[in-house]
Amino acid sequence: MTMDKKRILLIDDEPSFTRMLRLNLERTGTYEVREENRGAQGLAAAREFKPDLILLDVIMPDADGGTVAAQIKADQSLKNTPVVFLTAVVTKKEEGVIGGRPFIAKPVSANEVIGCIEKHLAR
Amino acid sequence: MLEFSAVTLVIMVIVAAAISALVTAKLYQHVWVLKAYDTAIRPDAPKGTDPFSVPHIRENFRNLLWITYSSVGGGFVVLYISLISIVARSSKTINRQRAALERANADLRGANEQLREAQEQLVQERMAPILNSAGEGICGLDLQGDIAFANPAAATLTGSRVEDLIGKPHHEILHPTKADGTPYGRDECPISAALREGASRQVDDEVFWKKDGTSFPVEYISTPIRQGGTIVGAVVTFEDITERKQGEKALRDSAMRFRSVTQSANDAIISADESDRIILWNRGAQTIFGYAEEDALGTPLTRLLAERFRSLDKIPMIGKTVELQGLRKDGSEFPLELSLATWTAEEGLFYTAIIRDITERKQAEAKLKEANTELHALQLQLIQAEKMESVGRLAAGVAHEVKNPLSIVLMGINYLADQLPTADGDARNVLQDMEHAVARADSVIRGLLDFSAASVLTLNAEDLSFVVKQSLLLVKHEIDRSHVKVVKELAEDLPAVKLDRAKIEQVFVNIFMNALHAMPGGGMLTVRTYAKRLTEAGHQVGSRKADHFRLGDTVVAAEVEDTGTGISADQLTKIFDPFFTTKPTGKGTGMGLAVTSKIVALHGGTIDIGNRKEGGVRATIMFKAQEKG
Ligand SMILES: Nc1ncnc2c1ncn2[C@@H]1O[C@H](COP(=O)(O)OP(=O)(O)OP(=O)(O)O)[C@@H](O)[C@H]1O
Ligand SMILES: [Mg+2]
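Protein sequences, first through last, are from chains A and B.
So the first sequence is numbered by this note's numbering: it starts at 1 and just counts up by one.
So the second sequence is numbered by this note's numbering: it starts at 1 and just counts up by one.
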């Protein structure tokens, strides 16, 4: 069963947020979730965890989301892994695809996040 | 008498002798006739003999001669004696009459003398005090020009005593030299001329000298005195005209000053008499009004004013400066500033007006005022812009910081909701309320962000009437719930406007919502659209955002009118401020109009919000129509 679970990597400097989101995702029973609260460790965590999808915050004290996303894109083993920005920098009105990247605006309900993940995994 | 009788006697003797000679000659002729006769009748008488040798002829002749001489002599003696007696009688009569005449003549002469004395005394008595008290100096001159008489004033004026003047030559005493000290010849002297030629002279440009060597300007009149047709002397009356000369000089000076002032002034200086006729017109007046002096003098002062000011009462304007409209010769009107003063002279009351053309000043004032308002508006805008910017920066920062915790809370709520037993209704309600609270907090933040986001517009050519209809649909639910009637006056075929439709819909939704909130008990919401060409700068009064239009631009406008509470004057200035609201917490954030005006401004449009005369509020939004082609 566990083998079927989709692996989701959460990179966000806010531990309580990643924990809440992990709990919400895990309660569905369909996801295996890993939290990473240091942006600079995002790439290393991804290489190690090999996620099916990465939810990435934009504004983090040590490394911003844009940089992390670029590193991931540049990594051979990770370049096809979908990255969804989950951030407060955009508004609800603006969320969606911005500059070719998918954005979810905070605050967001667990169900909205799940909907979004499903949409991207289906591709 | 003696000569007469002697002469007559001699004449008579001569006449008698002549007569006798004639008679003798005649008789002698007779003798020759007789002789001739005698010879004729007596042929014996020898021819050529003397008739007197004839005795009877000689006798006859002697007798005849005797008779003739004695009768002639006797006649003459009688004639002489009678003549003598006639002459003696008449000469006696003549002598008598002459004596009477001489007596009468002597009487007359005596009377005359008395009369003259009486007259002289009268003159002396009457004239002396007059001469003595006269302020003018009076000198009588004799034929030589020496002073025969001088009154006390003459002495005082010349600084000497009457007795020092008497007998002195007037020319040497009064004016031996001219004012500048050059010698004054007697032949030039008008007084001397009066004596010489008998002409009266009046002189007022000379000086008389005083005993102490000083001089004074004098006016004198010299008049010759005639007696029986001959000049016997002259009278000189004179007065010191120092003061008059000074007065005249002062007058001349002041007249000159006045003239130079009036002529050099740029202002019009105009005087008029009581009946309003112009009597003084300076160069400034000509420049300002266009009339030459000769055209202006004598014409009514009021002609220089625009028709509607002509009947104004001058009296209240005296001593004041008033602004009126002037009328130039060419018929053009202009603003002027008029200061009016009055003065009286012997001829009556006069007005003097000092008039200044204030066209330029008015223009400058208007420009200044305009500039001032613009500056003020700009300042307000700047303050507003600054406020907005800082609010924007703040909002962006706050939004980010608030959204993260909000998302944690929301996630937590979501998780807990999943963990709760489905039956626990209260707990579920609590979680739901919490979720709503998060949503509300989020909407505040979103408003802030909307407002501060440096929005990029997606512009498309739109029909404003259509955008308005769409916006009405968005608030359909709220309208239906209220008791508000919507009246649509939407123009068809409006010129297209370049708009970001979603953003403008947001604008209208804000305005509609404000209107609905202002009419809690129901009312009427009128929505109108139209296009017009701007023919004058500025539009309705009210709180206004930047003006971007020019005269001649075609604008497309939307008006939203409500019949609600209206906005108080002090609030009207604040409604575009972020966070300004009069609504209870939860109902309004005060961001609505701040965002609205920002969006409209991003479109280069304007928004005006003001109270309507009929009550309620009118919001007018204008955009520049898209240029064709
Ligand atoms: N049509 C109106 N009639 C009366 N008052 C109005 C009207 N429109 C605006 N106002 C006043 O202007 C204030 C500011 O309006 P604004 O839309 O900016 O904020 P709000 O309506 O209070 O809140 P929100 O952010 O929800 O729009 C209002 O609170 C109200 O007092
Ligand atoms: Mg509002």
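No lab work stands behind these hints, which were simulated from the structure alone.
On a predicted model such as this, the values are computed, not experimentally measured, just so you know.
Check before you lean on any hint, since a few could be wrong.
Using C-beta positions, here's what the derived DEER-type ranges look like [said to hold, decoys possible]:
no., chain 1, residue 1, chain 2, residue 2, range
1, B, Leu534, A, Arg101, 41 to 51 Å
2, A, Gln71, B, Thr373, 54 to 64 Å
3, A, Glu48, B, Arg428, 54 to 64 Å
4, A, Ala122, B, Gly522, 29 to 39 Å
5, A, Arg101, B, Lys532, 37 to 47 Å
6, A, Ala122, B, Arg481, 36 to 46 Å
7, A, Phe49, B, Arg481, 48 to 58 Å
8, A, Arg101, B, Val398, 18 to 28 Å
9, B, Gln626, A, Arg101, 31 to 41 Å
10, A, Glu118, B, Lys532, 23 to 33 Å
11, A, Glu48, B, Gly590, 24 to 34 Å
Sample of chain B residues with no beta-carbon within 10 Å of chain A, all distances over it, derived [stated by the list, open to error]:
no., residue
12, Leu410
13, Val438
14, Asp442
The calculated DSSO-like cross-link candidates involving lysine-lysine, where the alpha carbons are at most 30 Å apart (straight line), are [unchecked claim]:
no., chain 1, residue 1, chain 2, residue 2
15, B, Lys624, B, Lys587
16, B, Lys503, B, Lys583
17, A, Lys92, B, Lys168
18, B, Lys476, B, Lys503
19, B, Lys583, B, Lys532
20, B, Lys574, A, Lys92
21, B, Lys498, A, Lys92
22, B, Lys92, A, Lys92
23, B, Lys211, B, Lys178
24, A, Lys92, B, Lys503
25, B, Lys469, B, Lys367
26, B, Lys314, B, Lys329
27, B, Lys369, B, Lys488
28, B, Lys314, B, Lys249
29, B, Lys532, B, Lys587
30, A, Lys92, B, Lys583
31, A, Lys92, A, Lys6
32, B, Lys498, B, Lys583
33, A, Lys92, B, Lys532
34, A, Lys119, B, Lys503
35, B, Lys503, B, Lys485
36, A, Lys119, A, Lys73
37, B, Lys469, B, Lys485
38, B, Lys314, B, Lys469
Using N, Cα and C, we set each Cβ at its ideal position, and we do this for glycine too.
- prompt: Honestly, which of those hints from before does the structure not fit?
  reply: 3, 4, 10, 11, 12, 13, 14, 15, 17, 19, 22, 25, 27, 28, 29, 32, 33, 38
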